[in-house]
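J.: Residue-level listing of the chains:
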Amino acid sequence: MFARISGVLRSASRRRWLARPALCAAAVALLCGAAVRAHEIGTTRVSVLFQGGRTYDVEIVTDATALVEKLEASAGRSSPADTPPARLQSLLTGFDEKFRQRVKIVFDASEVRPAIAYSVTPGIDAASAAVAAIRLTGQIPPGARHFTWTYAWTFASYAMTVRSAASENPATEWLEGGQSSAPFALTSPAQPVDRLGIAWRYLALGFTHIMPNGLDHVLFVLGIYLLSGRARSVLWQVSAFTVAHSITLGLSMYGVVAVSPRIVEPLIALSIAYVAIENIFLSELKSWRVALVFAFGLLHGMGFAGALKELGLPRSEFVTALLTFNLGVEAGQLAVIGAAFILVGWHCGNRAWYRSRIVLPVSTLIACTAVYWTIQRLSL
Amino acid sequence: MPTIESERSPLAGAVLRSLVVAAIALSRAPLFAHDMWIEPTTFSPEPGQIVGVRLRVGHDLLGDPLPRDPALLNQFVVEDAAGRKPVVGRNGADPAGFLRVAMPGLLVIGYRSNPSAVELAAEKFNQYVKEEGLEAVAALRARRNQTGARAHEIFSRCAKSLVLSGSPSEAQGDRVLGFTLELVAERNPYATRAGEDLPVRLTYENRPLAGALVVAMNRLNPSEKLTARTGNDGRVRFRLRPGGMWLVKAVHMVPAPAGANAEWASFWASLTFELRTSNAAGN
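Each protein sequence line maps, in turn, to chains A and B. Here the working numbering runs 46 ahead of the position in the first sequence, where the first position is 1. Here the working numbering runs 12 ahead of the position in the second sequence, where the first position is 1.
Hints in this document: simulated from the structure, not taken from any laboratory. Backbone N, C-alpha and C define an ideal beta-carbon position, used for all residues, glycine too. Honestly, I wouldn't trust all of these hints.
To be verified - Some but not every residue of chain B turned toward chain A, in silico, with C-beta under 7 Å:
hint, residue
1, 61
2, 64
3, 69
4, 70
5, 76
6, 79
7, 106
8, 115
To be verified - Ranges of calculated distance between the beta carbons of each label pair, as one might list FRET restraints:
hint, chain 1, residue 1, chain 2, residue 2, range
9, B, 148, A, 91, 33 to 41 Å
10, A, 171, B, 148, 44 to 52 Å
11, B, 267, A, 187, 32 to 40 Å
12, B, 185, A, 168, 48 to 56 Å
13, A, 154, B, 60, 39 to 47 Å
14, A, 246, B, 270, 46 to 54 Å
15, A, 168, B, 59, 24 to 32 Å
16, A, 163, B, 60, 41 to 49 Å
17, A, 389, B, 219, 57 to 65 Å
As the list claims (entries may be wrong) - Quick list of in silico lysine-lysine cross-link-like pairs, DSSO-like style, CA-CA up to 27 Å:
hint, chain 1, residue 1, chain 2, residue 2
18, B, 237, A, 144
19, B, 237, B, 97
20, A, 150, B, 237
21, B, 237, B, 142
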């Protein structure tokens, strides 16, 4: 139902929710105290692509039967039940002029007439409705600056995703049927590539991916630190972890390795639990521990890659961004170790009670948290 | 008790006229105040059959699918003689749920949503309040000098559907699901015979709601609506014809509770069922 939904969402946000259980838990706790707010989102999706500033390509994906019913009604006819997809496609094509009456593509103040192609495919299973994919294509008028979209063949809320060559990240706007989109700027002045700026930006993104956004990675690094107060132990483990996650981060970003987050994320949580539990039974570095931390590092690297993919990498500065993001992650990890050393290691690392009062309770707490995350991520 | 009856007219002519009116209605379909109803894949399943439970949002029974949304779903249940069970489904999927008909009889399907928030310009809010027969809200806004002010509202859906497996009997009946606003058919519509009234009761917080506008519309003829105001006992009676799918709906609005960050809270009750041609034919 209802009117305007404001706000432009960036695609990066959604999976980060899933990958950040601590934040999710906090959000759930907050939401429990307030009414849940969501809009009635239908099955219609609109994707807009501008290519080279010359052409536009709009794809509407929607429930074919629901659309044909509305078109039939507006033509003063009723729609027969259980119409097969081929017939729906032929009906849609026949309703071309009527369909156009409630779809508007406007560049600046001028409405354009796109070429429209209709196709209808059966649903993914017997229970699912047939899906209409409607493509509206044409030339962008020379000198046009803004694009505005209106689609009035749906009653539910729908997402419109706009991509253009000038923009690295797609912009998503939630709209109601009949509501016009905000004007989308087509032209942005060409920006010279600022390598230093990109390096700095991705360094900061890598750092903040650990501190403060990556509580799971923080706990893993703390687990590494807590094994033994000796610098040799920390150095070996951190080096193994760093080499390993750099390998999988790079391989994942180049598409050589691809493992579903549904597998990686629970395993990351499990690796934290393992390291913390081992701290309870082990107080010095063993060679297998370094090997395990290396293996876990491979997993965490895939997790970092998932986050980096959400952030998006500029094609022209792919390597710069990848390296500096990894450096930022390293800096974040070192900051965690540095903070732990300053807070407890410096003063208490050599005390007789350090293990019983610091290492064991903190490791137990980390292990419990990580087991909880593992279960939670498996259920997502 | 108010009773409204549709006009008798040759079916084909009536359908054609109403579709033309529907066409006009669609072209003027507002950006707000859409109905929401349950539309099962069949109203007459066989015992053992799996029924898809589709949720629809729209206007004059022209609807768009609402996939299952865990953020919105508060209750999604089916109740039969054996008791109440959840309507299961996959998040993001349409139909939003599925149920298996365990035994012959009347099944009561219910969907209750969590509240959604909306902000409306004064003019749109006033128009929609008028369309839904919420004069008390308009009067209260006028008393508060808010008629020209934007309105912040939270709205919740309370949709029900009646599905019959097997033969109808008077012993079968709709069930109270305990929704905040609820329409309850006081006779089995599948057993309602030609020329008989279907009494429907509207309750708000489990008490009869008086003076509320209740609207009934048929799938073949949605623009020719039957309307009635509930009496003190919350009842209206509709003499329904023709056969086919019917939607009965009502909206109730109250001042929003403190802390809701809205001035108004609305509840949208709907009830769908099928009037079998054999019942309606004798009308």
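J.: Confirm or reject each hint.
T.: Hints, one by one, checked against the model:
1. 61: With a closest approach of 12 Å, the residue 61 (chain B) hint is violated.
2. 64: It holds, given that the least Cβ distance between residue 64 (chain B) and chain A is near 5 Å, below 7 Å.
3. 69: holds (5 Å)
4. 70: holds (4 Å)
5. 76: OK, holds: residue 76 (chain B) within 7 Å of chain A, min 4 Å.
6. 79: holds (6 Å)
7. 106: Residue 106 (chain B) check passes; min Cβ-Cβ to chain A is 6 Å, inside 7 Å.
8. 115: violated (22 Å)
9. B:148 to A:91: 33 to 41 Å: Given a distance of about 39 Å, which is inside 33 to 41 Å, the answer is holds.
10. A:171 to B:148: 44 to 52 Å: Holds, at about 47 Å.
11. B:267 to A:187: 32 to 40 Å: Given about 50 Å between the Cβ atoms, the range is violated.
12. B:185 to A:168: 48 to 56 Å: violated (39 Å)
13. A:154 to B:60: 39 to 47 Å: violated (60 Å)
14. A:246 to B:270: 46 to 54 Å: Holds, since residue 246 (chain A) and residue 270 (chain B) (Cβ atoms, about 47 Å apart) stay within the stated range.
15. A:168 to B:59: 24 to 32 Å: Hint holds: Cβ distance 28 Å, inside 24 to 32 Å.
16. A:163 to B:60: 41 to 49 Å: Roughly 43 Å apart at Cβ, these two residues keep to the hinted range, so it holds.
17. A:389 to B:219: 57 to 65 Å: The hint (57 to 65 Å, Cβ to Cβ) holds, given that residue 389 (chain A) and residue 219 (chain B) are roughly 60 Å apart.
18. B:237 to A:144: Satisfied, since the Cα-Cα distance of roughly 26 Å is no more than 27 Å.
19. B:237 to B:97: Violated: residue 237 (chain B) and residue 97 (chain B) sit about 33 Å apart, past 27 Å.
20. A:150 to B:237: violated (32 Å)
21. B:237 to B:142: holds (16 Å)
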